[in-house]
Amino acid sequence: MSDSNTTPLLEVDNITLRFGGVTAINDVSFKVNDGELFSIIGPNGAGKTSIFNTISQVYRPQEGDIRWKGDSIMGIRPDAVARMGIARTFQNIELFAQMTVIDNLLTGRHIRMTNSWLAGSIWLGNAKREEMENRRRVEDIIDFLEIEQWRKHPVALLPYGFQKRVELGRALAMEPELLLLDEPVAGMNLEETEDMARFILDIQRELGIAMILVEHDMGLVMDLADRIMVLDFGQQISEGTPAEVQSDPAVISAYLGSEMAQVSQDTSQ
Amino acid sequence: MYRRPLLRTQYEQDAAIFPTWFQKVALGLVILFFVLATLGAPGIEAVPKKFLGNTWIDPVSNMMPLLIAALGFNILVGVAGQVSLGHAFFMGTGAYTAVTLGGGGDGGIKACVPWHDELGLLEEAGQCGLGLPMWIWLPLAGIVAAIIGLLVAPAAVKVRGLYLAIATVGLVFIGLHLGRTFPEFAGDFESGRRWPKLQFRIWKEETPLVDFTEDGQWFGLIHLAEEQKQLFLLMTFVGIFALMSKNLIRSRTGRALQAIRDRDIAAEVMGVPEFKYKRLAFAISSFYAGIGGALFASYLGRVSPVDFSLILSVDFVAILLIGGAGTMAGTVLGTVFVELLPEVVETFTEWLSDQLDGSGPASWLANVLLTSGSGDFGAIATAAAAPGWPMSVHMWNFAIFGVLIVVFMIFEPLGLFGIWLRIRNYWKSWPFSY
Numbered sequence: 001m002s003d004s005n006t007t008p009l010l011e012v013d014n015i016t017l018r019f020g021g022v023t024a025i026n027d028v029s030f031k032v033n034d035g036e037l038f039s040i041i042g043p044n045g046a047g048k049t050s051i052f053n054t055i056s057q058v059y060r061p062q063e064g065d066i067r068w069k070g071d072s073i074m075g076i077r078p079d080a081v082a083r084m085g086i087a088r089t090f091q092n093i094e095l096f097a098q099m100t101v102i103d104n105l106l107t108g109r110h111i112r113m114t115n116s117w118l119a120g121s122i123w124l125g126n127a128k129r130e131e132m133e134n135r136r137r138v139e140d141i142i143d144f145l146e147i148e149q150w151r152k153h154p155v156a157l158l159p160y161g162f163q164k165r166v167e168l169g170r171a172l173a174m175e176p177e178l179l180l181l182d183e184p185v186a187g188m189n190l191e192e193t194e195d196m197a198r199f200i201l202d203i204q205r206e207l208g209i210a211m212i213l214v215e216h217d218m219g220l221v222m223d224l225a226d227r228i229m230v231l232d233f234g235q236q237i238s239e240g241t242p243a244e245v246q247s248d249p250a251v252i253s254a255y256l257g258s259e260m261a262q263v264s265q266d267t268s269q
Numbered sequence: 001m002y003r004r005p006l007l008r009t010q011y012e013q014d015a016a017i018f019p020t021w022f023q024k025v026a027l028g029l030v031i032l033f034f035v036l037a038t039l040g041a042p043g044i045e046a047v048p049k050k051f052l053g054n055t056w057i058d059p060v061s062n063m064m065p066l067l068i069a070a071l072g073f074n075i076l077v078g079v080a081g082q083v084s085l086g087h088a089f090f091m092g093t094g095a096y097t098a099v100t101l102g103g104g105g106d107g108g109i110k111a112c113v114p115w116h117d118e119l120g121l122l123e124e125a126g127q128c129g130l131g132l133p134m135w136i137w138l139p140l141a142g143i144v145a146a147i148i149g150l151l152v153a154p155a156a157v158k159v160r161g162l163y164l165a166i167a168t169v170g171l172v173f174i175g176l177h178l179g180r181t182f183p184e185f186a187g188d189f190e191s192g193r194r195w196p197k198l199q200f201r202i203w204k205e206e207t208p209l210v211d212f213t214e215d216g217q218w219f220g221l222i223h224l225a226e227e228q229k230q231l232f233l234l235m236t237f238v239g240i241f242a243l244m245s246k247n248l249i250r251s252r253t254g255r256a257l258q259a260i261r262d263r264d265i266a267a268e269v270m271g272v273p274e275f276k277y278k279r280l281a282f283a284i285s286s287f288y289a290g291i292g293g294a295l296f297a298s299y300l301g302r303v304s305p306v307d308f309s310l311i312l313s314v315d316f317v318a319i320l321l322i323g324g325a326g327t328m329a330g331t332v333l334g335t336v337f338v339e340l341l342p343e344v345v346e347t348f349t350e351w352l353s354d355q356l357d358g359s360g361p362a363s364w365l366a367n368v369l370l371t372s373g374s375g376d377f378g379a380i381a382t383a384a385a386a387p388g389w390p391m392s393v394h395m396w397n398f399a400i401f402g403v404l405i406v407v408f409m410i411f412e413p414l415g416l417f418g419i420w421l422r423i424r425n426y427w428k429s430w431p432f433s434y
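If you're matching them up, the sequences are chains A and E in order.
Be aware that the first sequence starts at 1, since it is given in my numbering, and climbs by one per residue.
Be aware that the second sequence starts at 1, since it is given in my numbering, and climbs by one per residue.
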């Protein structure tokens with residue numbers, strides 16, 4: 001904390017999350033630096049989404065600490081976390097189904113807008129100007145994600161792949177510094193996956209937003225991620241660059257079983 | 001503009017309430033129609049008369065305050081998705097705030113006594129209230145209701161869906177109980193008390209600045225009857241509140257409320273504080289209910305606690321279900337439908353009873369449906385309360401009403417607004433099928 005340049009964007013320190021007798025996350029720590037694409041992988045039920053839920057404070061971990069730019073965010077409300085600059089997408093699409101694409105994206109702009117209910121009701125002067133200005137900003141995101149033709153459709157009517165894009169757009173509309181992506185390409189075909197990969201790279205390189213990516217598509221993770229953390233049953237079993245993680249015996253045994261790990265080690269020798 | 005009405009070159013056009021010329025012209029014509037009809041233009045006035053009878057101005061005026069309250073109900077239930085049955089209570093709160101502040105009489109609230117004296121005779125001296133002018137009692141009716149809304153909201157935002165609906169029913173019964181317990185404040189349970197009139201005063205001077213309760217010359221230009229003046233006043237209020245509620249829905253707050261309705265957890269993670277906005281929705285809808293309640297009571301002039309019962313709350317639910325929840329057009333259509341349908345049915349029944357002695361299909365239908373004397377056995381009695389099995393006109397109203405709600409729920413969940421969408425889309429692509 002002495003030097004702000006070395007303070008990571010997000011620090012997760014030894015968090016443990018229990019639901020009754022089940023330990024969903026057990027003593028997990030990691031750091032995400034500015035502009036970094038950090039990935040969390042692991043088999044189903046490893047606790048990846050639970051980590052996202054603890055970062056956005058939907059779940060409160062029993063032990064440990066989560067720091068945003070050096071300050072603890074433990075115990076604050078989810079909407080306050082959002083205002084600090086942490087946005088996220090969801091594994092199962094959580095769009096506002098009855099609203100149009102534009103309204104969904106504008107809802108993402110909620111924290112960047114200030115007009116009150118009264119100013120909004122009167123719709124004059126600053127409130128109207130602000131609405132129009134943010135409407136223009138939303139158009140930039142629509143351009144970026146190439147969803148022009150769906151602008152005015154209620155999102156419930158959109159094809160699955162585009163719903164995923166709109167959800168990404170809604171998170172981007174918040175102008176976050178850290179973006180949590182929960183399985184952005186789950187259930188997508190190859191073409192849609194490639195599109196999404198391109199968006200993720202653009203977000204990192206053009207917008208400079210740091211990301212935490214949870215994904216089962218190993219090809220995507222290995223290609224995109226700067227660093228990877230592997231979870232199994234809530235335990236952190238490995239962390240490092242894609243190449244390091246791929247050759248880690250603990251990772252191989254978690255994914256393939258311990259016998260296969262032995263075989264894999266034998267063949268590599 | 002004529003050739004490509006959907007070509008928009010500015011974001012203002014995109015966010016406009018009535019984006020096309022057609023809609024603007026149509027709205028203008030509707031307003032013109034109502035103004036001319038209210039002024040009594042012969043050809044035009046015949047249309048509402050045909051459906052609503054000679055006293056059509058009265059049911060239409062009576063509908064206006066309920067429309068304001070319905071707009072508030074739409075914000076809470078249609079937009080924010082918080083199903084409440086306590087709306088009647090907030091209307092009552094507004095009404096009784098209005099009578100306390102604006103009711104006639106001197107001596108303040110303490111002098112207030114029930115309308116009936118010990119012998120059960122009408123007690124005219126039982127007026128009370130501070131006699132303040134309308135520009136004070138009307139906004140405060142809304143504000144006091146909003147404050148009560150804010151007070152009960154913390155309890156209400158903890159529960160959802162059906163549980164919330166049942167929890168808010170409690171409010172209505174508390175209101176009825178208070179009305180029974182404090183007759184010196186609420187007035188006689190049956191006949192109520194004297195309400196502030198629709199008059200503009202600067203302070204408590206003798207002659208009001210603008211009087212809506214006397215026939216007379218307006219601005220030396222036009223002679224208007226009391227009813228016409230009141231309808232114009234109420235229409236103006238409806239216009240103001242409709243505009244405000246539409247603006248609210250299309251701005252930041254409205255989107256936040258819709259987000260909470262659709263996905264509350266996602267809304268919170270997007271930075272929308274859930275409880276704050278749920279409380280706000282309660283307060284705003286109570287504000288509209290309070291204003292509506294105050295106008296409702298002062299238009300009718302005789303309202304008692306029983307009028308703010310569960311039936312009224314259920315009326316609002318019916319308005320939203322029939323009109324189409326969450327949409328402005330749906331709320332307006334639903335209110336018109338729910339509040340005016342009974343009048344239409346009554347006019348129809350009256351018309352039928354005139355056909356009894358004639359010939360042709362109308363007379364045949366009248367003979368099948370109506371019971372005019374003791375000899376025949378139609379389904380409906382023309383008398384308000386008839387002995388024996390035939391339905392009274394009143395019950396006939398209820399029956400049609402109930403059947404229509406069931407029909408809407410099954411065939412058109414989007415309500416009247418959904419039907420309008422279908423008609424519009426049909427003509428948009430006509431003569432092609434898509």
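Take the hints with a grain of salt, since some may be wrong.
Derived SDA-like pairs (lysine to any residue); straight-line CA-CA distance at most 25 Å [said to hold, decoys possible]:
| id | chain 1 | residue 1 | chain 2 | residue 2 |
| --- | --- | --- | --- | --- |
| 1 | A | Lys152 | A | Thr100 |
| 2 | A | Lys128 | E | Leu243 |
| 3 | E | Lys24 | A | Met113 |
| 4 | E | Lys276 | A | Met188 |
| 5 | E | Lys428 | A | Ile102 |
| 6 | E | Lys428 | E | Ala15 |
| 7 | E | Lys24 | E | Phe237 |
| 8 | E | Lys428 | E | Leu27 |
| 9 | E | Lys158 | A | Arg135 |
| 10 | A | Lys128 | E | Glu339 |
| 11 | E | Lys276 | A | Lys152 |
| 12 | E | Lys428 | E | Ile405 |
| 13 | E | Lys246 | E | Leu333 |
| 14 | A | Lys31 | A | Asp248 |
| 15 | E | Lys246 | A | Gly125 |
| 16 | A | Lys128 | E | Pro183 |
| 17 | E | Lys50 | E | Glu227 |
| 18 | E | Lys276 | E | Asn397 |
| 19 | A | Lys128 | E | Phe33 |
| 20 | E | Lys229 | E | Ile240 |
| 21 | E | Lys246 | A | Arg227 |
| 22 | E | Lys246 | A | Gln98 |
| 23 | E | Lys197 | E | Ser359 |
| 24 | E | Lys24 | E | Asp14 |
| 25 | E | Lys246 | E | Phe33 |
| 26 | E | Lys49 | E | Phe337 |
| 27 | E | Lys49 | E | Leu414 |
| 28 | A | Lys128 | E | Arg8 |
| 29 | E | Lys428 | A | Arg151 |
| 30 | A | Lys152 | E | Phe33 |
| 31 | E | Lys197 | E | Met235 |
| 32 | A | Lys152 | A | Arg129 |
| 33 | E | Lys24 | A | Trp123 |
| 34 | A | Lys152 | E | Ile419 |
| 35 | E | Lys276 | A | Lys31 |
| 36 | E | Lys276 | A | Arg151 |
| 37 | E | Lys50 | E | Lys276 |
| 38 | A | Lys128 | E | Lys50 |
| 39 | A | Lys128 | E | Phe18 |
Rather than coming from a laboratory, the hints here were simulated on the basis of the structure.
It should be emphasised that the depicted structure is a prediction, and the values quoted were computed from it without experimental measurement.
Evaluation of the provided hints:
Restraint check for Lys152 (chain A) and Thr100 (chain A): satisfied, since their Cα atoms lie roughly 5 Å apart, inside the 25 Å limit. Taking the CA atoms of Lys128 (chain A) and Leu243 (chain E), the gap is about 14 Å. The hint holds against a cut of 25 Å. This hinted pair does not check out: Lys24 (chain E) and Met113 (chain A) have alpha carbons roughly 30 Å apart, beyond 25 Å. Restraint check for Lys276 (chain E) and Met188 (chain A): not satisfied, since their Cα atoms lie roughly 37 Å apart, outside the 25 Å limit.
A C-alpha spacing of about 23 Å is found between Lys428 (chain E) and Ile102 (chain A), which places the hinted pair at or below 25 Å, so the restraint holds. Between the alpha carbons of Lys428 (chain E) and Ala15 (chain E) the distance comes to roughly 21 Å, so the proposed pair stays at or under 25 Å and holds. Straight-line distance between C-alpha atoms of Lys24 (chain E) and Phe237 (chain E) comes to about 20 Å, which keeps the hinted pair within the 25 Å bound. Restraint check for Lys428 (chain E) and Leu27 (chain E): satisfied, since their Cα atoms lie roughly 19 Å apart, inside the 25 Å limit.
Simply put, Lys158 (chain E) and Arg135 (chain A) have alpha-carbon atoms about 33 Å apart, too far for the 25 Å limit, and the pair is violated. This hinted pair does not check out: Lys128 (chain A) and Glu339 (chain E) have alpha carbons roughly 35 Å apart, beyond 25 Å. A distance of roughly 28 Å separates the Cα atoms of Lys276 (chain E) and Lys152 (chain A); the hinted pair therefore is violated under the 25 Å criterion. Of the pairs offered as hints, the one joining Lys428 (chain E) and Ile405 (chain E) is violated, with about 29 Å between alpha carbons and a cut-off of 25 Å exceeded.
With a C-alpha separation of about 15 Å, the suggested pair Lys246 (chain E) and Leu333 (chain E) falls inside the 25 Å cut-off, and the hint holds. Simply put, Lys31 (chain A) and Asp248 (chain A) have alpha-carbon atoms about 20 Å apart, close enough for the 25 Å limit, and the pair holds. For the given pair, Lys246 (chain E) sits about 17 Å from Gly125 (chain A) by alpha-carbon distance, which is consistent with the 25 Å threshold. As the CA atoms of Lys128 (chain A) and Pro183 (chain E) are separated by approximately 48 Å, the hinted pair breaks the 25 Å bound.
Taking the CA atoms of Lys50 (chain E) and Glu227 (chain E), the gap is near 18 Å; set against the 25 Å cutoff, the hint holds. Distance restraint check for Lys276 (chain E) and Asn397 (chain E): the Cα-Cα separation of roughly 41 Å exceeds the 25 Å cut-off, and the hinted pair is therefore not satisfied. For the suggested pair Lys128 (chain A) and Phe33 (chain E), the alpha carbons sit about 31 Å apart, so the restraint of at most 25 Å is broken. Note on Lys229 (chain E) and Ile240 (chain E): the hinted pairing holds, with a Cα-Cα distance of about 17 Å set against a maximum of 25 Å.
Between the alpha carbons of Lys246 (chain E) and Arg227 (chain A) the distance comes to roughly 49 Å, so the proposed pair goes past 25 Å and is violated. Straight-line distance between C-alpha atoms of Lys246 (chain E) and Gln98 (chain A) comes to about 17 Å, which keeps the hinted pair within the 25 Å bound. Straight-line distance between C-alpha atoms of Lys197 (chain E) and Ser359 (chain E) comes to about 48 Å, which puts the hinted pair past the 25 Å bound. With a CA separation close to 14 Å, the supplied pair Lys24 (chain E) and Asp14 (chain E) stays within the 25 Å bound.
Only pairs whose Cα atoms come within 25 Å are accepted, and Lys246 (chain E) paired with Phe33 (chain E) is accepted, the gap being roughly 22 Å. Restraint check for Lys49 (chain E) and Phe337 (chain E): the C-alpha separation of about 16 Å stays at or below 25 Å, so the hint holds. The hinted pair formed by Lys49 (chain E) and Leu414 (chain E) fails the criterion: a straight-line CA distance of about 29 Å is larger than 25 Å. Simply put, Lys128 (chain A) and Arg8 (chain E) have alpha-carbon atoms about 18 Å apart, close enough for the 25 Å limit, and the pair holds.
In summary, the hint linking Lys428 (chain E) to Arg151 (chain A) is supported, as the alpha carbons are separated by about 20 Å, within the 25 Å threshold. For the suggested pair Lys152 (chain A) and Phe33 (chain E), the alpha carbons sit about 33 Å apart, so the restraint of at most 25 Å is broken. Distance restraint check for Lys197 (chain E) and Met235 (chain E): the Cα-Cα separation of roughly 16 Å lies within the 25 Å cut-off, and the hinted pair is therefore satisfied. Between Lys152 (chain A) and Arg129 (chain A) the CA atoms are separated by roughly 21 Å; this keeps the pair inside 25 Å, and the hint holds.
Only pairs whose Cα atoms come within 25 Å are accepted, and Lys24 (chain E) paired with Trp123 (chain A) is accepted, the gap being roughly 19 Å. Distance check on the hinted pair: Lys152 (chain A) and Ile419 (chain E) sit about 20 Å apart at the alpha-carbon level, within 25 Å; holds. Annotation: proposed proximity of Lys276 (chain E) to Lys31 (chain A) is violated, straight-line Cα distance about 33 Å (limit 25 Å). Restraint check for Lys276 (chain E) and Arg151 (chain A): not satisfied, since their Cα atoms lie roughly 29 Å apart, outside the 25 Å limit.
For a cut-off of 25 Å, the pair hint linking Lys50 (chain E) to Lys276 (chain E) is broken: about 48 Å separates their Cα positions. This hinted pair does not check out: Lys128 (chain A) and Lys50 (chain E) have alpha carbons roughly 43 Å apart, beyond 25 Å. Taking the CA atoms of Lys128 (chain A) and Phe18 (chain E), the gap is near 16 Å; set against the 25 Å cutoff, the hint holds.
Hints 3, 4, 9, 10, 11, 12, 16, 18, 19, 21, 23, 27, 30, 35, 36, 37 and 38 from the earlier list are contradicted by this structure; the remaining hints agree with it.
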